[in-house]
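Q: Sequence:
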Amino acid sequence: MSNHWEDERTGNLLYELRRIVPHLSPEFDCRERDATLILSAIRSGSAAEGTDSWEHRLSSLEAEKRMIQSRLDRRSHECEELKGTVAELKQKLRTTQENSNASVNVLSKRREELRKQLLLEESRSQKLKIRNGQLEMELERVKEMLRSRLSK
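With the first letter of the sequence shown counted as 1, position 10 gets the number -9 in my numbering; the numbers rise by one all the way through.
Quick caveat, the hints were computed from the structure, so don't treat them as lab data. One should not assume that every hint holds.
Calculated cross-link-like contacts (lysine-lysine; reagent style BS3-like; alpha-carbon spacing at most 27 Å) [what the hints assert, rightly or not]:
id, residue 1, residue 2
1, K133, K108
2, K97, K108
3, K73, K97
4, K124, K110
5, K110, K97
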């Protein structure tokens, strides 16, 4: 919860800073401490001569450097997170493709097995039809023989 208040305070300070210095870039961002230093320097009219102005200038430049470094660190961290996410997604894609290929291979083998089984069944069926025809012919021949013996 304290982080929320810090974010709100920083947001208010940045709003005030943008109000005073309207030409700040939209990417400008800084921590609460740095925004406070910049605002107090602007309010106190830091155009004083001599060492004070150089010290303020140095302080401002250091604050800007810290702000830029902070932004760079955040972007680097985001970049590393995105690289990790991309690597995970690539691995998931590879796994999915491997699973898909394995499924295709299994289905292809199964289809080939069924095709062979169907050919065997068709061959058996054809042989049984031929055998059935032969048996029917033999049955008719036996019936004819039996009839001819009975009629004698």
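Q: Can you confirm whether the C-alpha distance between K97 and K108 stays at or below 27 Å?
A: holds (17 Å)
Q: Just to be careful, I want the Cα atoms of K73 and K97 compared with a cutoff of 27 Å; is the pair within it?
A: Distance ~36 Å between K73 and K97 Cα, so the pair is violated.
Q: Run the distance test for K133 versus K108: straight-line Cα separation, threshold 27 Å.
A: Given pair K133, K108 is violated - Cα atoms ~38 Å apart, limit 27 Å.
Q: Is the hinted pair K110 and K97 satisfied, with a Cα-Cα distance of at most 27 Å?
A: holds (20 Å)
Q: With a cut-off of 27 Å on the C-alpha distance, tell me whether K124 and K110 pass.
A: holds (21 Å)
Going down the numbered hints, you'll see the structure goes against 1 and 3, while the others check out.
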